[in-house]
Amino acid sequence: MKVSTQSLQETLGSLVDGGVQLATESDVVSGVQPYVVAAPGSEQEVASVLAYANREGLKAIVRGGGTQLNTGLPPGDGDILLSTTRLNQVVEYAPHDMTVTVQAGLRLVDLQSHLARARQWLALDPVLSPGATIGGIISTNVSGARRLRYGGVRDQIIGIRVVLSDGTIAKGGGKVVKNVAGYDLPKLFTGALGTLGVIVAATFRLYPLRAASRTVVLTASTPAPLCDLAVRVIASTLEPTVLDVMSLRATTRPLDQPDSTPQSTRASTGGLYVMTVRFEMEPESADEQAAALVDMARAEAGSRPYSDVQIMQGEAEERLWRQVAVDYTLASDAANALIVKASVLPTDVASWLESLEHTAEQESLKVRWRAHAGHGLIFARLAGDEAALVTAIDQLRGAASVGQGSLVVVDAPPMLASKVDVWGTLPGQTFEVMRRLKLRFDPNYTLNPGRFIGGI
Amino acid sequence: MLEPRIVVELRNIVGTNGVIDKHEQLRTYESDGLTNFRIVPALVVLPTSTEQVQAVVRVCHREHIPFVPRGSGTGLSGGALPIAGGILISLARMRQILKVDLPNQRVVVQPGVINLWITQRIVPHGYYYAPDPSSQQVCSIGGNVAENSGGPHCLKYGFTVNHVLGMKFVMPDGEVMEVGGPTFDSPGYDLPGIIVGSEGTLGIATEVTLRILRKPEAVQTAMASFDTTDAAGEAVSGIIAAGIVPAAVEMMDKLAIEACEAAVHAGYPLDVGAVLLVELDGPRTEVSQLLQRVEEICRRAGAIEYRLAHTDEERTLMWKGRKAAFAAMGRVSPNYIVQDGVIPRTALPQILREIEELSRRAGLRVANVFHAGDGNLHPLVLYDQRIAGQEHEAEELSGEIIRRCVAHGGSITGEHGVGMEKKQHMLAMFTEADLATHQLIRCAINPDNLCNPDKVYPTPRLCGEVPGPYQPHPIELAGLAERF
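Line by line, the protein sequences give chains A and B.
Letter by letter, the first sequence follows residues 1 to 456 of this note's numbering.
Letter by letter, the second sequence follows residues 1 to 484 of this note's numbering.
Same shape as in the complex, but just chain A (with noise of 0.2 Å):
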């Protein structure tokens, strides 16, 4: 059968009641230009438009808020965008019971102020554009500074209802936190890249929402003694559920001041590189455990050159926070910008993050990076000549690897993304089980061709 762009649009228009329009230049996809875009107002919407797809060989894209379509490689083809904004329901929320089920195309930041009136939250902070919905954060397993304390995406996720490529709508895992009935499909599409099939309502375990908060800043001219420091802090009984160590290089103003107030930080903070421990929980005991981090750090003050150290707490510590979302957003700004991310051991970090200022500086990158120092996740903002970059990045992901760790390209756009290797290479057997899952889930290759690790 010949395809031409009009009837792709009636045949899916029969299909999809009211959600099929001609895609348009604000629809390309790392440089892939889709004919139509689809969003179905239900799941079985969905099955429809993939099972036509998957019969004619037609090419699917899936989009939800759009935030993090440069993560992975280009795909290569793609004839229909299907977007998920049209599956934007909280579908049961069941406060007592701590669980939540939405469809994938809700945003993250109005499922939390839903559940922010019952005092709960979904324990995921990634730091992402507004319009980041549920089905975008599983499938690209995006996590923030708070994993430390409550884990990933994979540690929320209780329950999956996807559709495959041929119009199978399954579910795995349940409404239960407890639950070990069947293979675990929540967690095999949880960082899957929308290549196994579309998620289209997920289920998760949520939190209550903390009493009180402090956060602990300290500044020093090099990394190594924040490290350091974040190392000890994990082996005592401290328990932060932030502990981040970032470049303060591309800030344009001190942390803890109101963003009308730009002056240099070298000059206000003393140092280039900035701690952030924040501790949440109940008042005295987060009174406490910031006062005891503070004399954990001041107690080897004449060896270690932390300054300007001081808890922060209420609007001013609120100010920090929301100064930090703007400057780490996980988005590449610029054409000549990527962002990395690094999963090292936190007893390596320090000495990654040398690695990167070191590569940066031979390279002649511009470089931002935010380490999550406790649990080892770092992500790094990398600006420069396109040949410097594919470089740095076979560098930077060789130093990770020096301890086991791994490093990906989560942001660049298309030009950069064909050029730098996004993923890396896997174990040749490993690699095998992940493309015959592939096979087995997605035949013809319908969903997101090509954007996944391998060309998967």
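Below, a sample of chain B positions facing chain A; criterion: calculated Cβ distance under 8 Å: (1) M177; (2) D190; (3) Q289; (4) G375; (5) G409; (6) G414; (7) I441.
If you're looking for bench data, these hints aren't it; they were derived computationally from the structure.
Note that the structure is a prediction, hence the values are computed from the model and not measured.
All C-beta atoms, glycine included, are put in the ideal place defined by N, C-alpha and C.
We have chain A already, so just place chain B on it with the hints.
Chain B alone, transformed into the frame defined by chain A:
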């Protein structure tokens, strides 16, 4: 019977001590913790290394001999039940803790390592391994990985799957692969996520990288007793509603309390309807503040007695009763069936009333022990095998409880697994399409279905050939691939 040449080949791989072929010795392996299914395997082999496991599995694959992996054999759903004519691969000789990395909070262990050994090894340094199934003194990490084991403390700290970072894994065709690793977010699909909890149907883990946790500053355990399970349930609801996440909340009803007391003298009050154990951990000040709130909530819900464990000994004793609960049933009944169902926690009062009604109608006693914080019930159906028909009635009753759990939106198993026992219940929870989709995973990894066949899924999906490679895009072929 296996051909003698195969037995010789296996003996060459694992040594004479590593092969069991005498019928009397083989009978030791005829069942796991679920003893109403019994099958004597053709042979038991006990490898001591990844290479030996690989070589044994290669023989099985080449000869099309089905095989079943087994840890300590404490599983309660028949997951390690042998296959008639098949080989049982016991990992009990792979018992080394290979690596302890305290600063990064990681350990690497072989599958035969006993759960509790890990904590015993690291507790002097202030660390512990969180998943703590009641059988932790004897159950193995390999078995924990297969079953995604939980335990009372998974309420706050999660299940085995939340603590497994990586594995060395022997696939059913004998290939060895590394999945995950010591760091988070290994690129690619979450293979550890699907292997953990797959009940030994995807292959054999021969090395497991686990997260360990720093011991919190304070741990406090309290016991409260109530007239009724309803009142105890109200206290649990109150605790959750107050935004408190306890490390554990356990409940026992009157019959369970009596049995536990008879067995281990944990000091539970005997003339009450329910006992609640509540454990909080974390920063010392917070724990004592929140515990005061827990006490208020319990008293408001009508607690008859509220008691705090003041020493480690008192705390251990409180837990000893609970952890001995299943075995303690022997004190009050000749036979019993352990059930493992889950409900949304708020459905607790209803399900308990339903169980009571079912128990009364069947004329069989049911003791209730549960992880009340997460709605995981362990109703113990008591019966006497010597009375004709009573075992069947007990099975019927136990099965009906599971159907009721599903009707409340829960699960047929919270931690014991599906195994042999609950295959038929899978259709109460999942559609045919769901089950067929799940089995795409098995088809990708265990397509010949030689590794622990006939477990978990009621009707094994036929896998067919591996689909072909990437196909060119038809629109491209048709010359219609216009791009803006």
